[in-house]
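Colleague: Sequence:
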Amino acid sequence: MITLIHFLVVGACLFSIGLYAVLARRNAILVLVGIELMINAAILNLVAFGRYDKSLYGGQVFALFAIVLAAAAVAVALAIILNVYKFYKSVNPEDIKNLKD
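Counted from 1, the sequence shown has number 45 at position 46 by numbering that gives the first Met the number 0; the numbering is strictly sequential.
Note that these hints are calculated values from the structure, not bench results. Do not rely on the hints blindly, as some may be mistaken.
[Said to hold, decoys possible] Beta-carbon label-pair distances, calculated as ranges:
#, residue 1, residue 2, range
1, N26, V60, 16 to 26 Å
2, Q59, N91, 20 to 30 Å
3, D94, V60, 23 to 33 Å
4, T2, Y84, 20 to 30 Å
5, L22, I66, 50 to 60 Å
6, D94, H5, 21 to 31 Å
7, S54, S89, 47 to 57 Å
8, N91, L3, 35 to 45 Å
9, I4, K96, 42 to 52 Å
A quick note: this is a predicted structure, and the numbers were derived from the prediction, not measured. Heads up, the beta-carbon is just placed ideally off N, CA and C, and yes, glycines get one too.
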């Protein structure tokens, strides 16, 4: 039987991998992938807690809202990254010096 601890350990591993990807990568798209891994880890924990809540389905409802918000955030971030690439010809965050122009 898979217990709550198993879900939480997998969620913690996903969050750790996502945090490493955000901190170690220098490419904006890979940083975005790391953020998505961290959001997916939080969603996994919400669904895991919701599975063990027999009376209310709060975990699944919050997970659904988190998935919708994550999709919207990715769409906005990808649009920003594409516009930055069009202007600077690079997606490396260190190459982007000022955004006033």
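Colleague: Take the hints in turn and mark each one as holding or not.
Modeller: Structure-based check of all given hints:
At about 34 Å, the beta-carbon gap between N26 and V60 misses the expected band of 16 to 26 Å. Checking the proposed 20 to 30 Å range against Q59 and N91 shows it is violated: the Cβ atoms sit about 39 Å from each other. In this structure the supplied range 23 to 33 Å is violated for D94 paired with V60, their Cβ-Cβ distance being about 41 Å. The hinted window of 20 to 30 Å between T2 and Y84 is violated, with their beta carbons roughly 45 Å apart.
The given range of 50 to 60 Å is broken by L22 and I66, whose C-beta atoms sit roughly 24 Å from each other. For D94 paired with H5, a C-beta distance near 42 Å fails the hint of 21 to 31 Å. For S54 and S89, the hinted distance range of 47 to 57 Å is satisfied, since their beta carbons lie about 52 Å from each other. N91 and L3 have their C-beta atoms about 41 Å apart, which keeps the hinted 35 to 45 Å range intact.
The supplied range of 42 to 52 Å is met by I4 and K96, whose beta-carbon atoms lie about 47 Å from each other.
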